Structures are given as C-alpha cells and as structure tokens.
Amino acid sequence: MAEVASEEHELRRVIDEGREVDGLGENELLAIHRSLVLLRTYDERSVVYHRQGRIGTYAIFWNHEAMQAGSVHALADGDWLFPSYRESAIGLLRGMPVSTVLHWWRGHPAGWWNPADYRVASICVPIGTHVPHAAGLAWGEKLKGNPTVAIAYFGDGATSEGSFHEGANFAAVMQAPLILLCNNNQWAISTPVDEQTHADTLAAKAAGYGMPGVRVDGGDVLAVYEATREAAERARAGGGPTFVEAVTYRAAPHATADDPRAYIDLERVEEEKQNECLGRYESYLRRLGVLDDARAEEVRQEALELMRAGIAEAEAEPEPDPELLFDNAYVLPPPNLREGWSA
Amino acid sequence: MAELFLVEAINDAFHVELARDDSVMVLGEDVGRAGGVFRATAGLRDRFGESRCVDTPLAEAGILGSAVGLCMAGWRPVCEMQYDAFSYPCLDQLITHVGRYRWRTGGKMEFPLVVRMPYGGGVRAPELHDDSPEAYYVHTPGVKVAIPSTPADAKGLLAAAIRDPDPVVVLEPKLIYRAEKQEVPEGEHVVPLGRARLAREGSDVTLVAYGAMVPVCERAAEELEGEASVEVLDLRSLKPLDEEALLASAAKTGRVVVVQEAPRTAGFAAEIAAILAEKAILDLHGPVLRVTGFDVPYPYWKIEDHYMPSVERVAAAARKLLEF
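Chains U and C are the protein sequences, given in the same order. This note's numbering puts the first residue of the first sequence at 1, with every later residue one more than the last. This note's numbering puts the first residue of the second sequence at 1, with every later residue one more than the last.
No wet-lab data here; the hints were simulated from the structure. Take these hints with a grain of salt, some might be off.
[Said to hold, decoys possible] Okay, the calculated bits of chain C under chain U, using three or more residues with CB under 8 angstroms as the criterion:
| hint | segment |
| --- | --- |
| 1 | 54-66 |
| 2 | 132-145 |
| 3 | 232-246 |
[Stated by the list, open to error] Ranges between beta-carbon positions, derived for each pair:
| hint | chain 1 | residue 1 | chain 2 | residue 2 | range |
| --- | --- | --- | --- | --- | --- |
| 4 | U | 327 | C | 201 | 36 to 42 angstroms |
| 5 | U | 325 | C | 39 | 42 to 48 angstroms |
| 6 | C | 180 | U | 321 | 50 to 56 angstroms |
| 7 | C | 139 | U | 114 | 23 to 29 angstroms |
Source: prediction; values computed, not measured. Virtual Cβ for every residue (Gly too), placed ideally from N, Cα, C.
Model the full assembly from the supplied sequences, consistent with the hints where possible.
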C-alpha cells in the first residue's frame, strides 16, 4: 500500500447504509447490543482496574467490540473461537465468568479455563501462532463429520507472520471450515499497516490461498455479523475457509503500557472516537425504534454490575498455592520435576 | 518375533497403533503416497485411508500447529518432520504452544501428540540432514523425549509415545535405520518411557549413550575387552530420565563416560554429568568425561567422520578414566 488504505469503498456496510440484515429480529438485535455493551464495559473497567493496580498490563480492545460481538453472534454455540490477546474477553459472550478473564489479567491460575467448556481456545499471546490451531481444529472436526466451524482472530500485523500463512494455507488445502477474522486496526503497536504489507488490502491475500476474501467496516457490528454468517454457512456446506478483513482504526493505546502519542494520528483517533462502534449501533437501533434511553441504561447497569461482581470475586480468590508450579504441565510428570523444590 | 530393521519396526508400530486406536492419525510431508522418505509410514494410507495418513503442505509449523488443533478435536496426531534440521520451523509451535497448552488450560485439556523425526549424522547427506537436536526438545517444558537404538525399542517407544497423554518427541537414529535386522515382538509392544536399557553389563566403566551412539559404545566396549569390563547404558528416554539406572551403574563402576553426537556445550551429556556430580560424586573414582560432537555446524560429509564420536574416541576416554 502506498498509504494507509482508504476504507471508503469496497467495505461491506449495513449501519451506514441504513440496511437491515435478513433474519435478524428484535431479540437478536438486542442480544448483540447487550454483548457490545458487556465488552465495552469490560474494557473500560479493565483500564481503570489496571490504573488502580488491580489487574496487570492489559491489552485494550476499545472500539473493537463490534467485530467480536458481530462475529460471535453469527456463529453457532458449538463453533470454536480462537482469540488473540485483543479478544481476551470474548469468552464472556459464551458464558465465561468475568472473574475468569480478570484472573487471566491478574496472573492468577484461576484465569486458565478448559477450552472445551466454552469452545473458546486459550488466549494466544504470541502473534498469529494460533491460526494453525484453528485450522487443525476445523479440519479435525470435519474429519469427524461434525458440523463445527472455527474462527481465528488476529490483527493486521499477524498477516506478516509465517504461522498465519501456514495456517491459512493448511485450512485452504484441507478445505477446513475456518473463518480468518483479521482485525485490521491499521497499527501493530507503532507500525502502520503499510509497513506490514505492500498488498492493496489484506483481504487480497485470500486469493493466494484460493479462498474468498471480504472486507467489512469493522466498526459496523451488523456488517461483521453478515459477513461472518455467510462465511460460516459456506464453511459448513463444505466450501472451506474465508478471510474476513474487518477494517477499523485503533483509537486506544495498544495496551496499558503503551503511549501512542509518539506515532499515531491523533486527529484520526478523535474522528474514530466520535464514530465508535457502540454509539453507531445504538443510533441505528434507536432509528429502528428497538432501543430507547431506559433500555440502554438498563443494559449498561447490568454490565457494570457484572463487572463489580466479577472484580469482587476475583479479588476474593485466595492467593494460588505455590505447589501449582508443578501441576498441569504434564499428565504424567517426569519423576525429577520437583528437583530443587524445598517448600 | 519378526526380524526387522529399525525403520521397519517403526512402520510395524504404526500399523499396530493405528489399528488399535481410531483416533491415531499420521501427518507430514510425503508420509502418504510415498510412505515417508524413509518408508516409515509405508502402507498406512492404503490401509487406513487418506484422512488418517495425510500428506500435508510443506510447512513444519503448520503440521505441528494444526496437530494442536487436531488434539482439541479429539485426535491423537503423530507428526513426521522429514529430517532433524527441518524440524526447526516447528520449534516455535513446540515451545510456545505444544509444551504449554495443557498447563494453560489448568490441566483440563490433553495434547497427546507425537513429533517424530529421523536424526543424526554419518549418512553422507547434504547440510541440515544430520543434526542432533535433542537438547532443544529436552529443554522444552511440557514435552517428553525418547530415542531408540534398537528395532524392538523403536517399535515399543513409538507405541508408548502414541499412547502417552503428553506430547512426546521421538528422535530416530537414521544412521541405523537399516543397519541390522533384529527380533521385534509382534503385535502390541510398548516400552515405557523413562526406563533405560542395560545394553551390556560391566564393572569397571559405564558408557552412557542413546540412539546411534549406543552401537558405537558397544563396539568400544568390545575393543576394550581384556583391558576393562565395560557397561553400556542405553538411556532410551531423555525425559523422563531413568536416574535410578544411571546412578546404579555409576555406583557399580565408579567411572562414567557420556557420549552424544550433538554439539558439546549444554548438550544432554552435560545434564548427565551434572546429575552425577550432584548425586553420585562419592561413588566416582574420576571425573565424568564427555565424548561429543563439536560446537560447530555439522560438517560437510567428506569430513563428518572426524566430527562424529568414534569408537576410538570413546575407547580413549574410557582408558583415560580407567587410570583413576
């Protein structure tokens, strides 16, 4: 790319076009809203908790809630999610307790969960290395004759990684029912997307794998929903993987340890904040007459209450037993594992 | 009992284990149609179908990374890395995920996968077909490592690795893939991980080795006949390690030479020496000596014999120790 791509065209949009999504009724529209608010509240409270020293360094996902909620709602409960750290709280949309995710960010072993319980894989910290896992899971489910779809979340920077390439190629060759959901927020910490790739778009990469590539407005929860639903239908019907590029702009720091003022376009950030994904969706719902002030406030209070209860629960958890050092790395541990341990 | 080469015993293990457990599958480069470049997986695709013996794209991190996902879907994948040094792209997956994923789930999810590969030198091959990468694997938490040196153990250790609930790396000494046919038990045959094999009994000095260095040590023992009574301990499994057998042999002979073809520094021989220093120092009559490769890239094959630990170097180390 000669410059950061203009996302004025070719992006699938629903909200800005004032369209409605086929088959989405009022209940489902409100459920999506509840998920957006839950994620937004989780994120905003987490930044506060970090400042208060109640959780550790935290990767902010403010204004990326639309691509998370939109995609999860478009999938079946039995489908698998493979989050990166940017989607750390996506399990909340599958019933994972708030305290579990907070524990993860508190460095407490109670933040480890069984992926099979929620069909949410562990949070992938290294960039893009979970893409082959998602490909393998999708392929393995297909081999077993199960109608399961997997979705892998990763950022624009991840598309430069070898693991992304190997996972995408595997999925395509095996025609695995996988959705590659790329959060193109145009920044990998301080490196802009035009220094990650010389391709015109990230979705263009899909052609090289022989899979469809689509671009959507990543701040438009319904556009993400619609694109994910189509990809999932195709995958379930044996049509293989799809690359979905959800384009947005990172309006928050990379993480609580980052100060983006040194590199980011502050005017653009301000613009993005004015057009953030939750506000856009709420305006849309109000125009449809589905949401009013009272309902919006109720949902917000509900989410805040979940967070209050979640952090209280997390903080009430006893300190982990140091013996946990030796648990869980092996089913059948080597006999000398505790060599040098004197507690 | 059938008389089989080591690589044939591996193939036998696959046939038995795939027949025994429907969730076992094999994936790798050229493992299907070709049956593997060394024929370790010959006949599996015809017998068990192309979804249980899969020719994958040429992508080692993709093979091991997708195996993680296959485990999550209930499979027991056995991944072939075509050669030792071609496994390095998969180290990323091994270190960042394979060895950590169960721990990361609080012990709730198992990753019973196997990574196997031919390893080691002496086969007159081009660069990067000759490495001994065991230290990288042994050093990775959450991963076990086995290295057979006989056809029967090649079958039994691979079966144990496939049945083990943890990730296991099996390094197969390609130099002796077809060195000698030996008796291999038919049908199910499992050699538990973590038990060394006393390849030869002796009382004056112990040669500790694994893989292709075991026969080198056995030949050194023969050369020393008349001079000393030499014990050869084949570790078979580096992690878990049979410390009991190691310490028992050290207590018996009081002299230990450790042999590895991998580069010297921070190799597995150093680990053995450290264990003996910690736990057997009062049993020892002299220092633990190492006979190893050198801290250089594995050489061009015209000079590889000067890199590989030889019978002469092993015997010389033993003689030096016998002076104590």
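With a Cβ-Cβ cutoff of 8 angstroms, does the segment 232-246 of chain C contain at least three residues near chain U?
holds (count 4)
How does the Cβ-Cβ distance of residue 180 of chain C and residue 321 of chain U compare with 50 to 56 angstroms: does it lie in that range?
Holds, since residue 180 of chain C and residue 321 of chain U (Cβ atoms, about 52 angstroms apart) stay within the stated range.
Hint says 23 to 29 angstroms; check whether the CB-CB distance for residue 139 of chain C and residue 114 of chain U agrees.
Holds, since residue 139 of chain C and residue 114 of chain U (Cβ atoms, about 28 angstroms apart) stay within the stated range.
Counting residues of the segment 132-145 of chain C whose CB is closer than 8 angstroms to a CB in chain U, do you get three or more?
Check passed, 3 qualifying residues.
Are there three or more residues in the segment 54-66 of chain C whose C-beta lies within less than 8 angstroms of some C-beta in chain U?
holds (count 8)
Range hint compliance [Cβ, residue 325 of chain U to residue 39 of chain C, 42 to 48 angstroms]
holds, 44 angstroms
Given the range 36 to 42 angstroms, decide if the beta-carbon distance of residue 327 of chain U to residue 201 of chain C lies inside it.
holds, 39 angstroms
This entry satisfies every hint, going by the numbered hints stated previously.
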